[in-house]
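The primary structure of each chain is shown beneath.
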Amino acid sequence: MQIYLPIAEVSVNAFLLLGLGGMVGILSGMFGVGGGFLMTPLLFFIGIPPAVAVATEANQIVASSFSGVLAHFKRKTVDLRMGVVLLIGGLIGAALGVVLFNYLKAQGQVDLLVKLCYVVFLGVIGGLMFIESLNAIRKTAKGGAVPTRKKHNWIHKLPFKMRFRVSGLYISVIPPILVGLCVGVLAAIMGVGGGFIMVPAMIYLLGMPTKVVVGTSLFQIIFVTAFTTMLHATTNFTVDVVLAVLLLVGGVVGAQVGTRIGVKMKAEQLRILLAIMVLLVCGKLAFDLLVMPSELYSVAAEGGH
Amino acid sequence: MRWLIALLLLAFPVAAEEVVLGLSQDEIAITTSFDGSEIFVFGAVKREAPIPEGELGVIVTIAGPSVPVTVRRKERRFGIWINTDGVEIESAPSYYAVATSANLDDVLSVRENLRHKVSVPSMIQSVSAPNTVLDASAYVNALIRIRENSGNFQLLEGKVVVDDETLFRTRIRLPAALTEGAYETRIFLTRDGDIVSQYETAIDVRKVGLERWLYSLSRNQPVLYGLMSLAIAIFAGWGASAAFSLLRN
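Taken in sequence, the protein lines are chains A and B. Note that this note's numbering has the first sequence beginning at 3, numbered continuously upward. Note that this note's numbering has the second sequence beginning at 106, numbered continuously upward.
The hints are simulated quantities; they were obtained by calculation from the structure and are not laboratory data. Note that the structure is predicted; figures quoted are calculated from it, not measured. Wrong hints could be hidden among the right ones.
In silico DSSO-like pairs for lysine-lysine, Cα to Cα no more than 30 Å straight-line [stated by the list, open to error]:
1) A/Lys76 x A/Lys286
2) A/Lys268 x A/Lys213
3) A/Lys266 x A/Lys213
4) A/Lys266 x A/Lys78
5) B/Lys179 x A/Lys107
6) A/Lys117 x B/Lys179
7) A/Lys268 x A/Lys141
8) B/Lys179 x A/Lys286
9) A/Lys107 x A/Lys268
Rough simulated footprint, nothing fancy, chain A against chain B, three-plus residues with beta-carbon under 8 Å [what the hints assert, rightly or not]:
10) 167 to 178
11) 244 to 257
12) 326 to 340
Computed spacing ranges between beta-carbons, pair by pair [stated by the list, open to error]:
13) A/Leu292 x B/Asp299: 48 to 58 Å
14) A/Gly21 x B/Asp299: 52 to 62 Å
15) B/Ser350 x A/Ile48: 25 to 35 Å
16) A/Lys286 x B/Arg353: 28 to 38 Å
17) B/Ala307 x A/Leu292: 40 to 50 Å
18) B/Pro235 x A/Val86: 47 to 57 Å
19) A/Ile48 x B/Gln230: 26 to 36 Å
20) A/Met3 x B/Leu260: 23 to 33 Å
The beta carbon of each residue, even a glycine, is placed where N, CA and C say it ideally should be.
Make a model of the complete structure from these sequences and hints.
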């Protein structure tokens with residue numbers, strides 16, 4: 003069933019969008035990532051104009067994250083206080099990101115820099131997580147206890163300390179704000195919630211327990227992506243609500259399924275799966291940058307698309 | 106005023122042949138289920154004298170609204186493919202189709218093509234390339250190639266059927282990815298490559314119903330539109346969560 007999207011001004015298959023939404027929704031619920039880092043490139047691939055894909059994806063992430071976070075609230079795996087601290091950084095970062103995005107768009111280099119960001123971030127994070135999780139699984143298999151991650155590092159020497167009861171942490175608010183800020187910038191320029199960076203940063207930099215990380219990440223992603231949606235809707239007019247509805251119908255259902263799958267899996271397994279997926283997307287993007295494209299020219303119409 | 110028009114009409118001799126046109130539709134409504142459209146263009150050659158000498162040709166063109174575009178080229182730098190040079194084109198139609206009764210070169214002389222801008226390349230105007238770009242025409246060709254592949258530019262040679270030098274008809278396909286606006290439709294009647302008669306009209310392509318409402322809302326009330334999108338997202342998220350807890354209990 004073909005459906006015409008009023009803002010994107012293209013006609014696409016509705017079932018294809020429902021299916022994509024569902025698939026990405028499952029991943030979103032399992033790993034606490036918005037799934038934008040998968041969905042945005044997929045939307046480019048089916049012919050949605052990039053500006054519309056980035057803006058609409060932000061709106062769709064609001065839905066899947068909200069659906070996911072409700073499930074986490076029920077299980078009390080959301081650190082609200084940490085979420086709010088991350089959010090403060092996130093909102094500042096999102097505003098900076100939109101400014102940066104518009105500057106790069108004028109230079110004609112936004113595609114390249116977005117892709118390079120993806121390759122670098124996905125490669126580094128995916129690689130680190132993969133190695134770490136693999137080591138943890140090996141040690142568990144040998145019968146040894148799972149090693150507790152390092153509790154004390156330079157982060158504990160910073161001022162403005164705050165107690166985060168749910169996470170069982172007593173750390174400075176500076177690292178969470180910085181993490182939120184970086185993720186906010188990425189959210190705005192890449193059309194992603196930033197969960198794929200937020201989750202590892204919370205585990206490895208802040209030392210939060212994996213089970214709390216997912217819910218807290220989803221909690222702050224809702225607000226950052228809602229803010230990004232409003233910025234795109236009011237400055238670029240590129241949020242396509244019909245596209246968003248089709249994606250989120252599949253997405254919210256998928257997120258519920260995914261959250262339940264996630265509960266049944268071990269933290270190490272969850273992390274290694276996420277790492278593999280991150281590396282796959284990274285490899286595909288790197289491949290596209292390195293191999294000569296079949297069409298060397300690209301056309302950009304002025305005025306949004 | 107009226108006598109002036111009458112005088113003008115007298116001053117120019119009435120063409121020996123004139124084109125009379127019919128369109129299957131002069132309006133295209135973009136609805137939610139819009140998946141492209143096909144326009145049936147038909148007409149007749151009206152003449153009061155015997156059929157004149159020379160080869161008869163019929164050309165039908167449909168042009169979507171023109172907008173400025175930037176064409177960029179990728180080059181390998183530091184091992185990766187990046188956009189290096191760009192050429193700005195002041196005016197290129199978002200959609201352009203030319204249907205002819207024979208090869209375009211046979212039915213239209215070069216001079217007439219220049220004057221009336223009929224062929225696909227002649228529709229692309231005001232190419233401004235920076236000094237670093239030596240082959241601006243490669244960029245124009247690339248634009249034509251990309252838009253031809255997407256069905257937005259069409260050269261349909263020999264697709265206009267002419268019966269008895271009088272009746273003609275053709276079908277032109279409009280792709281699903283259509284922009285709104287007045288689609289200027291022109292019919293040329295040629296004899297030995299010279300235009301003897303022409304007719305112009307416009308096909309109005311516009312969004313209707315829900316499509317129109319959402320589009321206007323997003324442009325005129327962006328804050329409201331954004332909030333509505335967010336409300337739908339939050340509601341859908343909550344709805345799915347609630348539905349799943351009901352299922353489990």
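Item to check | Numbered hints the structure breaks, given as an ascending list | outcome: Those not satisfied are hints 1, 9.
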